[in-house]
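S.K.: Each chain, letter by letter, is given below.
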Amino acid sequence: MSGASQPGRPSRRLNEQTTLAASAGRIWGMVLRYWYVIRSSWPRTAELIYWPLVQMLMWGFLQSYLASTTSLAAKAAGLFIGAVLLWDILVRSQLGFAVAFLEDIWSRNLGHLMMSPLRPSELVAALMAVSFIKLMVAMVPVAILAYTFFGFNVLSLGFPFAAFFANLVLTSWALGLVSTGVVLRWGLGAESFAWLIVFVFLPLCCVYYPVDTLPAWLQPVALALPPTHVFEGLRAIVLEGRFVAAFMAKAFVLNVIYLALGFAAFTYFLQSARRHGTLVQMGE
Amino acid sequence: MQKPIPPPPAGQPPPVQVVRLRKVYRDVAAVDGIDFTLAAGAVTALLGGNGAGKTTTISMLMGLVIPTSGEARVFGADMARERHRVLHRMNFESPYVDVPMRLTVRQNLEVYGRLYGVRHLKAQVAATAADLRLTEFLDRPYGKLSAGQKTRVSLAKALLNEPELLLLDEPTASLDPDTADWVRAKLQDYMRTRRATVVLASHNMAEVERLADRVIMLEQGRVIADETPAELIQRFGRSTLEEVFLAIARRTRAGEESVA
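Sequences listed follow chains A and B, in order.
Quick note: the first sequence, position 68, residue 696 per this note's numbering, numbers continuous.
Quick note: the second sequence, position 150, residue 267 per this note's numbering, numbers continuous.
Read the hints as simulated data drawn from the structure, not as lab findings.
No experiment lies behind these values; they were computed from the predicted model shown.
Any given hint could be a false lead.
Claimed, not checked - So the derived label-pair ranges between C-beta atoms look like this: (1) 339(B) x 679(A): 52 to 58 Å; (2) 652(A) x 265(B): 34 to 40 Å; (3) 185(B) x 896(A): 14 to 20 Å; (4) 889(A) x 199(B): 21 to 27 Å; (5) 253(B) x 852(A): 54 to 60 Å; (6) 779(A) x 257(B): 47 to 53 Å.
Claimed, not checked - Stretches of chain A that chain B covers, calculated by requiring three or more beta carbons in the stretch to come under 8 Å of a beta carbon on chain B: (7) 648-662; (8) 745-755.
No residue lacks a Cβ here, since even glycine has one placed at the ideal position from N, Cα and C.
Kindly generate the complete structure, drawing on both the sequences and the hints.
M.R.: Encoded structure:
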């Protein structure tokens, strides 16, 4: 620590701060930080897998029962299981994003982070990467279970599955941005918002039933949500055996808008937290 | 009362420059129009009772709080708008802000080293840990350390990037006298070898007398004294800084009671 440089000049022991490589280094530092937390606690890893597995088993057995009693369910083999799998992608990815951020508040680390050279966009990039890692940890075992127990091979969907997956992950990140922004601004009193925001989507984005099922006045609301088009797309494949690209295109355009709004909300709430002094209260 | 500030090296802004800085929460002025400039290598203590405005001032210096008006500049950067230009040149230590509990000491230092862009990170972590007597704890989770060990980790994190500006918020709070003394010696060593500029908020007056060469005393968000510790003690006719602090605090309380 004694290798002094002249005051007023950056230390020669630091890398250049403004390059893309420096930014990538900071993002990687944050990804490591969250990865170390996942790795340090097996109950947390088990918790990531637990609920998706329970959901899959419950809906899988229900599907099996219905298939033996009704002709529609027999024809639509995989409908419930596919919907559960896709819904869990949305939920786990959003929670993965939000909970990683909450870790820094729970551990009273936010003050150090916020006064480090880490930029908000880099924090967001790291949260996105970590939510993806957590999603993989949770969903790979569930996908294997769906195939082993119920013969539903998600990979057999091919490109459509990739499109469903990408769209749901984008939506989850937009929701993650809004929910963490709210927690930044209002503190842990708003923590439940981060946990619950995604479930508002459950009845509205028509996970288990077509949009037509909703009252006419509610249908425009549903169609304004990107996941609605993903689940419509899933039903088109499972029930009619056709991939409707327009569903995915609509979902993608909506997701671009949602992500832009999500990042704007996150930035606004961060600035608002700096104006109201809530970052300091949370950091300590 | 302002001490003359040695001019910064030609072409370089001072490490810290606070101009008519004000922060109002609802209708309460936490900081009420303060001005000061810190020279390179100066160790300045911010003193004052609870609610005097120390934490708010330090928070504005870090850019965590945006001023209502005025400016907090660090190395010339307005911390409300362009703090990312200079954040890698400063660091912060406080017992009230933790690093992640589940991560080991080594993992924490690696993460922060990456955030600050520290070169030769493994070697720097090892050297910093050795310097702060943390080598044997490197692979232990931070949450399982004693208060004294945690303070040393926090200090290691704060010194890892060899900051030119170090902000310390009660760096020895809750430490036993021996550990506190060791931490102060380590800080003195760093300040001397690195010629770092230091802002120290503390309630420990002996610590301030030992470390600081300038004291800025705040009361209700305003600067009420800005002198060397010796000048302050002499002006108030006391024998220690603690007596000065108590005299000012009692004067303030008496004033408040007479108003009430």
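S.K.: Each of the hints needs a verdict: does it hold here or not?
M.R.: Against the structure, the hints come out as follows:
Here the CB-CB span from residue 339(B) to residue 679(A) is close to 55 Å, well matched to the stated 52 to 58 Å. A beta carbon spacing of about 36 Å between residue 652(A) and residue 265(B) agrees with the range 34 to 40 Å that was offered as a hint. Judged by the Cβ atoms, the range 14 to 20 Å given for residue 185(B) and residue 896(A) holds: they are separated by roughly 19 Å. At about 26 Å, the CB distance of residue 889(A) to residue 199(B) agrees with the hint of 21 to 27 Å.
Between residue 253(B) and residue 852(A), the C-beta spacing of about 58 Å keeps the proposed range 54 to 60 Å intact. For residue 779(A) and residue 257(B), the hinted distance range of 47 to 53 Å is satisfied, since their beta carbons lie about 48 Å from each other. Counting residues of the region 648-662 of chain A whose beta-carbon sits less than 8 Å from any beta-carbon of chain B gives 8, enough to reach three: the coverage restraint holds. Coverage of a stretch by a chain is defined here by at least three residues with a beta carbon nearer than 8 Å to that chain's beta carbons; for the region 745-755 of chain A and chain B the count is 3, and the condition holds.
Violated hints are absent here; each numbered hint is respected by the structure.
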